[in-house]
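As given, the protein sequences belong to chains L and G, one line each in that order.
When the letters of the first sequence are read in order and numbered with the working numbering, they come out as residues 197 to 452.
When the letters of the second sequence are read in order and numbered with the working numbering, they come out as residues 12 to 297.
Hints may be right or wrong, so weigh each one.
What the hints assert, rightly or not - In silico DSS-like links for lysine-lysine, alpha-carbon gap of 27 Å or less:
#1 L:Lys424 <-> G:Lys164
#2 G:Lys164 <-> L:Lys391
#3 L:Lys379 <-> L:Lys424
#4 G:Lys164 <-> L:Lys366
#5 L:Lys379 <-> G:Lys164
Simulated from the structure, these hints should not be mistaken for laboratory data.
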Amino acid sequence: MRRTATWIAVAAGLIVFGLARLPLERSLETAQQSAYLRAESLNLGLRDQLGQLSYAAALSGFRSLVAAFLWIEAHTAWEQTAWGRMAGLFRTVTSLQPRSLVYWDLSSWHMAWNAAIAAYQNPKEPSEFLRRRAEREYQLLGKEFLEQGIANNPDRYILQERLGVLLRDKFSDHAGAAEAFGKAASMEGAPPYIKRMAVYELASVEGKEQEAHEKLREIYDLGPDERKPRVLTLLHELEEKLGIPENQRRVPVAPE
Amino acid sequence: MIRRISAIGAVTWTELVRLKVFYFIVIFALLVIGNSFFLARFSFEEEFQMLKDIALGAMSIFSALLAILASATLLPKDLEDRTIYTILAKPVSRFEYLLGKLAGVFLLVTLAVILMGGVFAIVLLLRTQIVLHATAAELGGMPAAELQAALQKVRAAGYDPALFSAGLVILVKAWLLAAMTVFISTFATSAIFTTITAFAAYFIGHLQSTARDYWMAGGDLGPVAKIILALVALIFPDLQAFNLVDGVVTGTSIPPGVLFKTLALGCGYIAVYTALAAAVFQTREL
């Protein structure tokens with residue numbers, strides 16, 4: 197009789213404690229999610245990619261550990277130049293650890309640079325058209341990694357900067373690059389050179405010369421430290437192009 | 012009372028140490044040190060990221076295993092050896108006995124986490140110093156400002172004060188698991204049953220928040236599903252709340268308020284599981 201009473205008391209205690217901690221747990225979950233400390237739940241699609249054992253491990257609180265081992269596997273795939281397998285592993289790793297900038301950044305770099313060049317130089321594919329198309333597909337995949345990484349890390353500037361570099365170097369999209377660098381420059385912790393890179397790209401966009409000139413002047417007016425050779429050259433070129441009167445020019449003479 | 016609990020705790024600690032449980036620290040050290048040599052092939056950012064992933068992941072695994080396995084054997088072993096009768100024949104209450112046992116496991120887990128954290132900190136510190144020297148040698152000819160920026164980047168990738176907070180959360184989670192396992196062992200009939208049930212509770216605990224969210228959201232769930240989800244949400248601990256390592260290894264810091272709330276929740280669980288264990292153990296026929 198006494199044992200039954202104890203068990204009823206224990207069960208009641210568990211339920212009461214459960215009800216009492218519910219609001220605290222929910223508020224803690226929200227606080228942890230706001231601080232980017234609690235990732236989204238794993239989806240079923242990831243189970244197929246991971247396999248049962250790794251999925252179970254990831255569910256048990258070892259996401260970062262599983263991600264690290266898969267990253268090493270991706271590195272082995274890189275040594276074997278198995279680009280398709282790498283792409284699949286990168287998708288899984290970044291899904292497991294969406295807040296890791298290193299994983300997003302390097303996944304994009306491997307795809308847009310290494311895999312794209314390897315695809316273009318593929319000796320087994322005689323058609324240049326097909327090689328070019330494969331190269332572009334890998335570059336787009338690299339861009340996709342960065343865009344997804346930015347969506348998961350809207351508070352960090354690094355991936356925005358990398359997107360700017362990718363758009364500039366692989367897509368010759370100066371307007372897009374200027375926008376990406378501009379967003380990166382406005383974020384906390386961004387080094388000052390990113391602001392200059394945004395203006396450099398803007399200066400290459402047709403019809404944006406006036407805006408680029410104004411921003412270059414702002415940078416020039418910040419002081420001698422910001423008057424880098426490229427700033428002076430571009431400012432002079434734009435002043436020439438826009439026909440700025442001699443007495444209003446910051447750089448009237450072409451820099452050496 | 013404190014003296015009696017400390018005495019039982021010290022004996023429990025000695026018994027556990029004699030089981031040579033600290034051998035796993037050697038495995039941990041080999042894993043971390045071995046990996047650090049292998050990871051030197053990667054860029055320093057990848058290397059530090061993976062070193063943290065593997066070391067903190069291994070700390071979580073080993074501390075959880077140690078907490079569950081050490082706690083699961085406590086009561087069944089004393090019952091089997093009949094030691095419990097000798098102890099309880101003395102002026103020691105069952106509550107004090109239970110607290111002493113738990114204190115011994117807590118001490119063991121704490122030392123294990125400190126040792127693992129120490130090995131990890133030394134390896135991370137050494138690898139950071141090696142990369143710093145290599146970077147300084149490689150970029151020796153660069154302007155001082157750029158060199159300092161590069162070195163700062165290496166330091167930022169290596170050192171992170173949030174790692175200490177992550178270690179603290181791992182420790183509290185291990186204590187929680189120990190308290191939960193002791194609670195299970197007070198009504199379990201064998202060590203195997205306790206171990207299996209504790210591991211099942213560990214897995215379910217990591218899904219508790221999902222069950223809770225579904226239950227709270229309501230939706231089109233049937234009454235049976237609602238009852239099952241409610242029971243999971245109310246009975247099992249939310250172990251995902253203590254799984255902050257994934258965020259910390261990516262450079263995210265734990266705000267003091269969040270850290271305090273997490274630790275407070277952990278202490279709450281420990282207190283309640285210990286109280287429930289004491290209540291069940293009080294009426295158990297020995």
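Each hint tested on the structure:
1. Pair hint Lys424 (chain L) plus Lys164 (chain G) holds up; C-alpha atoms about 23 Å apart against a cutoff of 27 Å.
2. Our distance criterion of 27 Å between C-alpha atoms is met by Lys164 (chain G) and Lys391 (chain L), whose separation comes to about 19 Å.
3. In summary, the hint linking Lys379 (chain L) to Lys424 (chain L) is supported, as the alpha carbons are separated by about 22 Å, within the 27 Å threshold.
4. Taking the CA atoms of Lys164 (chain G) and Lys366 (chain L), the gap is about 26 Å. The hint holds against a cut of 27 Å.
5. Between the alpha carbons of Lys379 (chain L) and Lys164 (chain G) the distance comes to roughly 21 Å, so the proposed pair stays at or under 27 Å and holds.
When the structure is compared with the earlier hints, no violation turns up for any of them.
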